[in-house]
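**Q** Given next are the chains, with one letter for each unit.
Number of protein chains: 6
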Amino acid sequence: MAVLPLLRDEEASADALAVFKDIREKRGTDYVNNFWRALAHDPDELKAVWDRLQTVMAPGALDPLIKELIYIAVSATNGCGYCVHSHTASAKAKGLTPQMHAELLQVIAMASRTNALAVALGVPVDERFEAEPPRQGD
Amino acid sequence: MAVLPLLRDEEASADALAVFKDIREKRGTDYVNNFWRALAHDPDELKAVWDRLQTVMAPGALDPLIKELIYIAVSATNGCGYCVHSHTASAKAKGLTPQMHAELLQVIAMASRTNALAVALGVPVDERFEAEPPRQGD
Amino acid sequence: MAVLPLLRDEEASADALAVFKDIREKRGTDYVNNFWRALAHDPDELKAVWDRLQTVMAPGALDPLIKELIYIAVSATNGCGYCVHSHTASAKAKGLTPQMHAELLQVIAMASRTNALAVALGVPVDERFEAEPPRQGD
Amino acid sequence: MAVLPLLRDEEASADALAVFKDIREKRGTDYVNNFWRALAHDPDELKAVWDRLQTVMAPGALDPLIKELIYIAVSATNGCGYCVHSHTASAKAKGLTPQMHAELLQVIAMASRTNALAVALGVPVDERFEAEPPRQGD
Amino acid sequence: MAVLPLLRDEEASADALAVFKDIREKRGTDYVNNFWRALAHDPDELKAVWDRLQTVMAPGALDPLIKELIYIAVSATNGCGYCVHSHTASAKAKGLTPQMHAELLQVIAMASRTNALAVALGVPVDERFEAEPPRQGD
Amino acid sequence: MAVLPLLRDEEASADALAVFKDIREKRGTDYVNNFWRALAHDPDELKAVWDRLQTVMAPGALDPLIKELIYIAVSATNGCGYCVHSHTASAKAKGLTPQMHAELLQVIAMASRTNALAVALGVPVDERFEAEPPRQGD
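Order-wise, the sequence lines are chains Y, D, S, V, C and G. Oh and the first sequence: position 81 is 80 in numbering that gives the first Met the number 0, straight run, nothing missing. Oh and the second sequence: position 99 is 98 in numbering that gives the first Met the number 0, straight run, nothing missing. Oh and the third sequence: position 69 is 68 in numbering that gives the first Met the number 0, straight run, nothing missing. Oh and the fourth sequence: position 45 is 44 in numbering that gives the first Met the number 0, straight run, nothing missing. Oh and the fifth sequence: position 61 is 60 in numbering that gives the first Met the number 0, straight run, nothing missing. Oh and the sixth sequence: position 111 is 110 in numbering that gives the first Met the number 0, straight run, nothing missing.
Don't read these hints as lab results, they were simulated from the structure. Be aware that one or more of the hints could be misleading.
It does not matter which identical chain is meant; a pair holds if it fits inside one copy or across any two.
Quick list of in silico lysine to aspartate or glutamate cross-link-like pairs, EDC-like style, CA-CA up to 20 Å [as the list claims (entries may be wrong)]:
id: 1; residue 1: K91; residue 2: E129
id: 2; residue 1: K93; residue 2: E9
id: 3; residue 1: K91; residue 2: D62
id: 4; residue 1: K93; residue 2: D62
id: 5; residue 1: K93; residue 2: E129
id: 6; residue 1: K46; residue 2: E129
id: 7; residue 1: K91; residue 2: D29
id: 8; residue 1: K93; residue 2: E24
id: 9; residue 1: K91; residue 2: E126
Construct all of the structure, not just a fragment, from the sequences and the given hints.
**A** Shown next as structure tokens:
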């Protein structure tokens, strides 16, 4: 199931191939997964997403594995099956244990449950949860 | 803006008040936030959510602060403004720094971007991201 | 907070006013709620939505009150605060009791919780839940 | 397509098997569907979801069949294909007729249509749809 | 994967067949796609959707191809794989070029990214983006 | 309502101010809207989003106004009230007429309606809507 064919190396443009090469080198594998092969129809977006992805997912105040957990949480909530699969695989490669995975799913389930209740009840935000009121720039 | 009035202590049932008491003790504050006051119309659900919440958000293989980050990610993706506000406040109380918050938002934004692309492209899941095929129970 | 001004009677077109008149008569109240006043900028869509709404929400195999519960469930899941508020009001006018409302919210919360788990686990559909496989029309 | 293998009976832990046993007894069938076999990797969440599910879906002010309709509405809106399939099957087992199903889908479609309009128009909630304004607990 | 069998011509009711006939004539093809064959279980909704679809997607202030792009954007955001596939096919039939498709996906990705940030930050609407405040009808 | 205070010019970092300066120059107005003032807490994301936004929304195979319509469609579907408001304002500045706006909303409503039906019916993708099957890169 795909809207556009997944581009094989010999079908990809030079710009797309350059990104594929970078993916292979940075990940230390010859395998380029379907997302990139579909996105290769637009080398500009391919490069923009791949470049930003590396910056965003790099170690920082948050550990790369923690970032994968957040990624999975967003993907599950958005109903993106592909993304859930690919980032669960990434998380496992970065050290996700079954116990961590179980707790991740528990939190996702819990948040989905209370999100639904808060919206269905139309709960107003408590004043103390707000930053100070909007102020006009000078 | 609320669908049901937020129940004051003197309007809540004994069962709801017992949960309010537990919230106050566990959190070490007299303040009971709006979500619980709205949910107090159904003391059974109130207790079920509060009890499960404590289990799920307790320290485990994942740190309580990390669990709050995942909670915020789900809430933002679900568009639950209340939940984003209340759990960002919780995360701050558990040690969220501005740098961690910034990286959290970066990952949420990155995942939302690639989720949209993967769905719009109808990317099929790579075989290697699948667990072994479904098997029938005996 | 509105993208377009809510049209007062004296600002609405003749076509929009005809729909307002029908709303007032069918509902037995002079009050026309904000949704219709915002939609009045497009009298064609206003009429199409209002006409279909009456057909869809009329008594049938499902009771009108049950239809309102389903409406609220969709609206809460879509994060439409306006719709949650207006249809909870409609449901109350059609006999929603606090106990029914509590059970409605419980089911919404339960479904949201298991939806998130099923997606995050990528659970494949059981063969027995499928209708027979797609067949080509002749 | 699954993120984790669906556990066969002989692969499940004793705690998970105890829930499987309960599912079989309560449902009067030997068949345990994929959702539970995927969730069996976390026996604690498996039990928590199964236990709460029974409470929430039991007869009350709302009929069990009506609760299934609400479940389907949430699942369709969340885009959970698995859940739509499994709960449509459950609803049929509880007496869903083709006419009721048709009306359910009509309401889901209608609500999705007006939800989108209300959000795209930014319609403010009518004062009369609000519960009284938030009040501080004492 | 389907909840209801896709109806073949010989299984469809006379009312459904009349819509199939109209689809075939208007589209100049004998092929009736799966969506209509699934919806044929409810000839009333089938006709209502088909009729409104033609009105809405007809040339107007917006070009039919532009309308398809908007349709794809909504479908991708709702996570409706079927709709993304069918309307990308429709858009191609109406002249969608690879470059337009690439730009469409870029905008969808960009909007998803900033939507997530705006919600996660709880950004209040700027006064200048509001229509004048709600006014009561007379 | 905001999770973080909106930064005034005198509170923003030099890096954030440089982006504000660019926004002012490119837009020819001194006004910097709330989204950028909230995002200014993370000058790196602020710059990344602003830079990419200009590239993506620039004239190309699609007209800038058409891109705004797609942006609004995604934002409405994601339930991002802020984004609906700000991009409807942008679209008006780029020539959106009331008639175009009405048609945009009609398409958003139509797509939301059929998306919900397609998911609730679990309609399988027609073979002819698929690109050729996934192929392995060499």
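**Q** Work down the list of hints and note, for each, if the structure agrees.
**A** Outcome of the hint check:
1. For the identical chains of this complex, K91 and E129 are inter-copy neighbours only, at 13 Å across copies versus 37 Å inside a copy, given an alpha-carbon limit of 20 Å.
2. Proximity of K93 and E9 under a CA criterion of 20 Å is satisfied in neither setting, with 31 Å inside one chain copy and 29 Å between copies.
3. Taking the shortest alpha-carbon separations for K91 and D62, both the intra-copy value of 14 Å and the inter-copy value of 18 Å come in at or below 20 Å.
4. In this homomeric assembly, K93 and D62 come within 20 Å of each other (Cα to Cα) both inside a single copy, at 10 Å, and across copies, at 17 Å.
5. Only between protomers do K93 and E129 lie at most 20 Å apart by alpha-carbon distance; the minimum there is 17 Å, versus 36 Å within a single protomer.
6. In this assembly of identical chains, K46 and E129 lie within 20 Å of each other by CA distance neither inside one copy nor across copies; the values are 38 Å within and 25 Å between.
7. Only within a single protomer do K91 and D29 lie at most 20 Å apart by alpha-carbon distance; the minimum there is 19 Å, versus 33 Å between protomers.
8. Only within a single protomer do K93 and E24 lie at most 20 Å apart by alpha-carbon distance; the minimum there is 17 Å, versus 38 Å between protomers.
9. Taking the shortest alpha-carbon separations for K91 and E126, only the inter-copy value of 16 Å comes in at or below 20 Å, while the best intra-copy value is 40 Å.
Checked against the numbered hints given earlier, the structure breaks hints 2, 6 and satisfies all the rest.
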